[in-house]
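Please model the entire structure based on the sequences and the hints provided.
Spelled out, the chains give:
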Amino acid sequence: MQCTVGIDLGSTTTKAVILDLGGNIVGRGITNSRSNYEVAAAVARDEALTAMRFSLLQRALDEAGALGRAMDKPLGDAFRLELYLVELTALQREIERLLDQPAHAKMRDVLRPAASDILAEMTRTAPELFAPGAERKSDFFRDIAGAVFVRLAENLCGAPQSPVPFERLVGLYDRAILDVETRMERRDFASLLDRAATRVVPRDPAGDQLRARMVQVGRTPIAEVAFVGTGYGRQTLPFPPETVRSEILCHGRGAHRTFDGTRTVLDIGGQDTKAIQVDGDGVVTSFQMNDRCAAGCGRYLGYIADELSLGLHELGPLALQAKKQTRVNSTCTVFAGAELRERLALGQRREDILAGLHRAIMLRAMSILARSGGIDNEFTFTGGVCNNPMAVKVLRELVIQNYGEHITVNTHSSSIYMGALGAAMYALDDHRQGKGGMMPMFAQTAEAA
Amino acid sequence: MAEAPGKTAPAAAKDDSQKRQKDMIGAHFAKLARAKENGQKVVYTFVPGNLTELITALDLLPVLPEINALQSGMRKKSAVYIAEAEKAGHSEDVCTYVKCDIGMLKSGNIGPTGERLPEPDLLLLSYTGCFTFLKWFELLQQEYHCPVVMLHVPYQPDGVVTPAMRQYIVDQLENEVVPALEKLAGKKLDRDYLAEKLKLSAQAEDDLVWVWESARHKPSPIDGYFAGVYYIGPIFSAFRGSQDAVDYYRLLRSEVQARIDAGKGPTTPDGDLDDQAVRLVVEGPPNWTSFNDFWHMFSKEKAVIVASTYTRVGGLYDLGFRHDAADPLGTLADYCLGCYTNLGLPSRIELLAKYVRDYSADGFFINSVKSCNSFSAGQLLMLREVEKKTGVPGGFIESDLVDPRYFGKANIENRVQSYLQMLHARRDRSLSQIPARTTAGVQGVLS
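Protein chains in written order, with my numbering: chain A, 1 to 449; chain B, 1 to 447.
Hints were generated in silico from the structure; no laboratory data involved. Incorrect hints may appear among the rest.
[To be verified] Pair by pair, the computed Cβ-Cβ distance ranges are:
no.	chain 1	residue 1	chain 2	residue 2	range
1	A	R175	B	T132	48 to 58 Å
2	A	P240	B	G271	14 to 24 Å
3	B	A11	A	P241	15 to 25 Å
4	B	T8	A	P163	48 to 58 Å
5	B	G271	A	E242	12 to 22 Å
Here the structure is a predicted model, which means the values were calculated and not measured. All residues carry an ideal CB built from backbone N, CA and C; glycine is no exception.
Right, here's the structure in full:
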């Protein structure tokens with residue numbers, strides 16, 4: 001099966017979208033950008049290819065009748081579990097390697113059995129994380145495994161007379177996860193799928209037949225015929241020039257495809273805010289970005305979350321519980337942090353201050369929107385920040401207030417993928433014009449596959 | 001392929017005319033360095049509305065602080081000079097040309113050729129459309145304790161120069177400026193000599209306009225902004241009205257003619273730009289501290305600048321104005337009134353739109369500099385209006401004149417690239433066949 005790949009290397013997350021040659025989305029993947037864009041690009045693409053294979057698989061399961069359809073969800077969960085176990089093995093290996101280093105000589109005898117016990121327990125309880133109905137706050141291995149590791153380490157180190165120092169044990173994890181994350185390992189989809197299928201498909205003739213069909217689909221050759229990279233990291237990665245597009249073009253096009261009436265797009269990413277005007281074909285007609293200063297971007301919220309020792313995803317829901325909106329004057333991220341601390345010290349509610357901070361960030365965005373030419377009819381909000389419900393609420397209010405009730409405001413659960421989607425569309429254009437380019441490292445792995 | 005961060009673009013190769021200009025400037029600064037021992041008097045003045053012929057007709061030597069500041073920016077000295085001025089109490093929001101000049105003064109007043117600049121004997125505030133100019137010379141007056149002569153130039157809000165406006169300037173020249181300069185020079189102004197100089201000015205101006213308008217060719221033989229700032233060097237500084245300037249522009253014209261004959265583009269940091277993918281008009285001054293990097297952002301994408309408003313700050317000769325030897329003071333009045341920054345927004349919008357049309361530009365680009373409100377105020381409005389009038393898209397970035405802290409290379413490059421790719425995408429739209437919305441062939445993981 002032939003496809004095109006778009007990758008959006010954001011400052012916080014890296015996204016990949018795959019289109020078939022008819023322009024249909026057949027896979028997408030996301031990963032944290034780490035400090036290594038090359039690995040992030042490879043991982044996001046791998047995730048998207050996996051999702052694409054699952055798309056194909058789902059079609060095969062549908063065709064296989066009731067048993068196949070019943071297998072859809074359990075198979076997906078079992079596959080994620082297998083992936084998790086592969087990463088867990090890599091983590092174990094890395095921790096062992098670190099423990100062999102001289103730095104751990106003194107504490108080695110204490111740390112090794114503790115780490116070993118925790119990893120054994122993590123492996124044993126891993127299926128619970130992917131059981132039906134289990135909720136995961138993140139899809140990234142570092143977050144899921146990190147939460148479990150820290151909880152088990154707390155239990156172990158908190159026991160009376162425990163000789164294991166908590167900081168050293170968690171420090172070991174923190175160090176190991178960096179290497180696990182930045183190592184590129186090729187996954188064999190078919191064998192992972194086979195192992196997942198073994199977990200969930202009944203062992204009877206009908207089940208055996210279904211499993212065989214699954215493995216066959218898992219081995220369907222996939223040919224990536226064109227690639228386009230976009231996003232902040234494109235400056236850092238050695239993309240061939242013909243495969244690079246600006247994120248302005250890609251976000252505009254991706255958002256327009258998702259909401260074809262849209263003429264104005266606001267994208268708030270980790271470190272920049274873009275207001276983009278597009279025409280009826282999704283081609284950018286003008287744009288404005290934050291200049292000189294990144295205040296009011298996603299990192300602003302990240303910084304505030306750190307200040308409050310909260311997860312990024314917790315900010316919005318908490319702010320929604322505000323009884324009133326505290327006025328926050330600082331647009332500088334660091335000063336806003338200082339203002340936050342000051343107001344907390346004055347006894348103001350955390351929720352109210354957070355509501356004010358969300359308003360401050362959105363007022364910055366409104367200014368950039370105005371500079372780009374404002375909003376006439378339909379407006380789409382994209383980027384990581386649109387996963388924050390308070391950000392969306394405040395923006396919606398401000399847009400209506402400034403541009404009128406008639407404005408349609410769109411957000412989409414997949415808004416974070418708009419840049420990668422636009423990139424994949426440009427890759428498809430390139431392919432159709434006979435000039436599709438590939439990133440060298442992907443071309444090699446595609447050949448190997 | 002992405003470039004290593006921190007790598008600086010090479011400078012463009014130098015033409016003979018550029019070498020000649022360098023020699024002219026070198027000779028002028030050498031004269032300045034020896035001015036005091038030779039008993040020559042020195043007049044500091046500004047580029048817009050400069051009265052160079054009048055100054056040199058009285059054998060006075062002009063110094064242009066703005067040009068010193070931009071030269072300091074190009075020579076990577078401005079950061080230190082600005083810091084020096086900030087130490088002396090000038091805030092971060094003050095124009096960085098001013099701070100760079102004050103800092104240079106406080107660091108020994110060493111000019112671009114490495115020789116010390118003489119102190120002024122007179123500050124000639126020849127143009128007042130920029131309010132900062134007034135404050136700048138107030139500061140210099142406090143430092144040098146020399147007289148200031150002010151020529152008030154009425155603003156042209158609606159693009160119309162009335163006879164009264166013109167007479168108002170002529171009267172000031174006659175009654176205040178000329179007497180002050182004569183007093184400094186210790187002699188009467190020889191009006192015939194001034195007229196001779198004005199005649200030479202017009203000759204050089206003819207050739208300069210020819211060079212500007214050569215950009216109508218495809219490929220354009222010149223870059224009308226980055227190379228353009230070199231082309232305007234002699235005529236906007238100390239050389240207007242001199243035979244040197246006439247000779248320089250004749251040489252430049254012959255070089256440009258040779259390029260046209262050979263079907264060649266201009267010399268850029270990326271070599272000769274013969275294959276030109278995009279033609280642009282630019283509004284606003286360049287950034288001087290990263291000048292080659294900024295140019296390279298365009299030249300590497302095969303974008304050529306066919307016209308710019310910055311290169312008209314010292315005179316809008318392509319709208320027909322020439323210095324007129326028959327009416328020396330009247331022509332100087334017309335010149336001062338016609339400065340680009342003396343025009344209101346409607347006139348500036350008209351001019352940009354005219355350049356877009358006359359030079360068949362694919363787009364226009366605004367570099368909005370923090371320091372210069374004369375340029376920057378209203379530029380977003382200009383952007384929208386020029387888009388409306390011409391139908392071509394505008395791009396917008398923000399930087400500064402000579403404060404390197406306000407040139408974020410990665411961010412600016414991102415915007416320039418995005419803008420140029422937007423132009424390409426608009427051109428290629430007909431090739432795009434992807435339906436606006438498709439129903440995913442398979443669901444599940446996609447929802």
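Checked hints:
With their beta carbons about 55 Å apart, R175 of chain A and T132 of chain B fall inside the hinted range of 48 to 58 Å. Remark: the range hint 14 to 24 Å for P240 of chain A to G271 of chain B is upheld by a beta-carbon distance near 21 Å. Restraint check, A11 of chain B to P241 of chain A: a C-beta distance of roughly 23 Å satisfies the suggested window 15 to 25 Å. At about 56 Å, the beta-carbon gap between T8 of chain B and P163 of chain A stays in the expected band of 48 to 58 Å.
For G271 of chain B and E242 of chain A, the hinted distance range of 12 to 22 Å is satisfied, since their beta carbons lie about 20 Å from each other.
When held up to the earlier numbered hints, the structure conflicts with none and fits them all.
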